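Q: Residue numbers (our numbering), protein chains in the order written: chain Y, 173 to 442; chain E, 14 to 337; chain Z, 176 to 486.
Simulated from the structure, these hints should not be mistaken for lab results.
Be a bit skeptical, because a hint or two may be false.
Claimed, not checked - Residues on chain Z that point at chain Y, a partial pick, calculated with CB under 7 Å: (1) Phe185; (2) Val195; (3) Ala196; (4) Leu408.
This one's a predicted model, so the numbers in the text were calculated from it and none came from an experiment.
Note that beta-carbon positions come from the ideal geometry of N, C-alpha and C, so glycine has one too.
The chain contents come next:
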Amino acid sequence: MTPGVVRAIAVSVFRESVRDKVLYNLVFFAVLLIAVSYLLSQLTAGQDIKVIKDLGLAAMSLFGLFIAVFIGIGLVSKEVEKKSIYSLLAKPIRRQEFVVGKYLGLLLTLFVNLAIMAIAYYAVLGAVAWVDGAWFRPHWEAPAVDPALLKAIAMIFLQLAIVVAIALFFSTFSSPMLAAALTFGLYVVGHFNADLKNFETVVDSKPVAYVARALYYLLPNLAPLDVKSEVVHAVPVPATYLLLNTAYAVVYISVLVSAATFIFARRDFK
Amino acid sequence: MYAIRTEGLTKDFSIGFWRPRAYRALHGLNLEVTVGETFGFLGPNGAGKTTTIKLLMQLIYPTSGHAEILDRPVGDVSVKRRIGYLPESPYFYDYLTAEELLDYYATLFGYDRGERRRRVSALLDQVGIAGERRLPLRKFSKGMVQRVGIAQALINDPEVVFFDEPMSGLDPLGRREVRNLILSLRDRGCTVFFSSHVLSDAEALCNRVAVLAHGKLVANGRISDLQAFDIRGWELIVSGLASESLEKHRPRVQRVTPLGEQRYSLELPLTPGPEQLLRELTDSGAQVVSLNPIRETLEDFFVKKIAEQESERWSGAGEPGQQS
Amino acid sequence: MTPRQQTARFVTALAVMLAVAVALQVVRDRAFAFSTVDRQVLYVSNAEVMRRVALSYDALLADVYWIRALQHYGGERQKAGSERHYDLLYPLLDLATTLDPRFTVGYRFGAIFLAEPQPGGAGRPDQAIALLEKGVAYNPNKWDYYHDIGFIYYWNLHNYEKAADWFARGGNLPGAPFWLKSYAAVMLTRGGDRQASRVMWTQIGQNEESEWLRKMAQMRLAQLDALDQIDVLKRIVDAFAARTGHRAQSWEQLARAGAVRGIPVDPSGAPYTLDPDTNAIGVATNSDLWPLPTEPAAAPELSGNAPPVPR
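Isolated chain Y (complex conformation) (with noise of 0.2 Å):
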């Protein structure tokens, strides 16, 4: 696998998301946060600062779960449907540096934009801890600018790189309406998985037991990576755990992506 054709491939999906406007999310995402934190301000008496936190990382989460799932589902669909893929592939180039290119690229994509948010989340943070004053802030938790929310911004990021795994590996086969249901129901099971564990203690049947548990391991374990409410609380979040979880997320993503391009090297393009 050529890093340079890897590497451009990836650039390209960059600049394709520049130029569809999708870093305006970003704006909104500004206004947003320092909207509601002067509302907030004029309302609640000190307990602000928890409601921010809560609604940046919240908000994080969510403009990245769309951006993942809108363009992961397009990734692959979108170049064989216009046809644009034909003269790429008659490059130099193998399809599974096209796969993971293009992969990489949104990838980057949603780090830019996450650490713009963060920058900006982070400011607004620091903005209203400067507002309001020496009162409030003995009666925080936690800081207004708590570095240990890069802890939760971090595994956001990893949730959403499990997602658009997920999205681009429905992408190589399915129509985009069709990846895009699929994706969002992964994403929603993501989160619930870890109640298939405890199964045994609410269902009497054994084998009902078990395969609540396989599965669990088996589909994609979104929860564990969301350590937002920790990190608000002021609990500790240990390293280790964070990189369990990371050595968990990259190995899942490479078994999606490996199958994602196993599929697509087969393929004909009619």
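For this one, chain Y is given, so just place chains E and Z on it according to the hints.
A: What follows is chains E and Z alone, placed relative to chain Y:
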């Protein structure tokens, strides 16, 4: 070494969702194109020409048989460095400018920045869109997109180029330019493989042609060698022909089409030859504007060829050969 | 390599990678007791907010929280007795019943297991009553909730006046069973006694909706039987002590003396314990019936000597 070689290349598509049937788009194609040739791949719409080219580009995989380009199997990445491809009615990313698109493709070949800039500029000049290099492709007309397509096919100075219906959608000026381009490629020693359903393109450019119909090769060889494309008549355009003279010679003419004041297009049968009538008309004072053979169209040719094939099969002669 | 071999190799590689992913998860889950339940409640502790967030999926979410409540309860039950905290039982049941105010089972499960003292339950009758009062607010004609509140006042809090009040109100509702009003009368006249408890638990045990409720009632009735049996055994043991001048040291001794026939077992089949020093009799700690409930005592002023308290 052959530039392009196929052996028994066959492609089936499955039609239908619930009970898929196999539809054979290409039957055991055997083809050889030597290096430096300009080869015309002809056939009516739906004959399987695009299928063949896609098989050669490995956009689709063969059901059986195999193909080689420059003695390497099709799909080999190293061989893709030495070929160029223009798809039929191409689409390129319309949010990019012409310059950016060519630069992107050039990156895939691994050229460094200076090299890329050089090649892109040269190509934009060569295909005549240097003025629109900064324009996003969504603003390009069809003819301009075709030119961009040709440019991207040549970005790597290929040894073999594949053009799928390169003239489609072009106005006469555009067609003339593409013809000239193909000629210049031939002069450079490039092997040109292009598909078309227009005979006159092949006549003007090709050394050899192959003719495809319903997925089968029905003719293959030098144009002059093929007994096909028979002349079936003559078209004589004369001016200054007085009506008495016209009436006198009318019985020998199949059809008369008036074109203006004393100017007519006369359709003459194949036999007797037109020389006699020509002499008599010029003796009577008319001027010859043009004399052109009316050829069988490609369509007529196929129908004839296929009818021949069918009758051969029914008479029990076995599978017909592929040379006519 | 044929395409088939290639595919086989590829699929094997994928399976291996998936196995690695699973292994990583197992390691992570073991090292960090991760629980969706805790973090969910931490994050959204306000049930009303949750209801708005849930959009039109509140019934489904109610189910999810109900399942989590059960898992939480089950999970806590598996811990050693002193470590059971059931902290999240109320928030989870509160979420489930706010999302779906008609979620009868949720209210009634909470009624029993929130009120139940440690280690069998959360030991928070106040939470149980709060939950049920919410149920009453949404469903003012559901006599079941009135019954459950009255029962908690009776069985757990020993507050017979309040119990009577709730039983009466419930009994007056259209569709209420005939016996509910009589509970109110019993409260006022006899306060708590074993017979009244037996009647009430028998009635609960006839509930057709929940298996666990029936099982609970059966166990309670068995416990009441055990209490009866213990009373009988106590008389025997005390008689022995009076007769011989010293306390019996074991059932075997009593058996040899002819006071009892064999080692007495409780209704679940486990032998009763006899304390050699105090002669207190109880059920064995490994018996299904352990621990025995603290019975509502007969209210002294209602033991038949004082006039009934006017309604």
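Q: Phe185(Z) was flagged as interface toward chain Y. Is the shortest Cβ-Cβ separation under 7 Å?
A: 6 Å, holds
Q: So, Leu408(Z) near chain Y? Judge it on the closest CB pair being under 7 Å.
A: 37 Å, violated
Q: Verify the interface restraint on Val195(Z): the C-beta must sit less than 7 Å from at least one C-beta of chain Y.
A: Since chain Y brings a Cβ to about 5 Å from Val195(Z), closer than 7 Å, the hint holds.
Q: A closest beta-carbon separation below 7 Å is what the hint needs, so does Ala196(Z) meet it against chain Y?
A: 4 Å, holds
Going down the numbered hints, you'll see the structure goes against just number 4.
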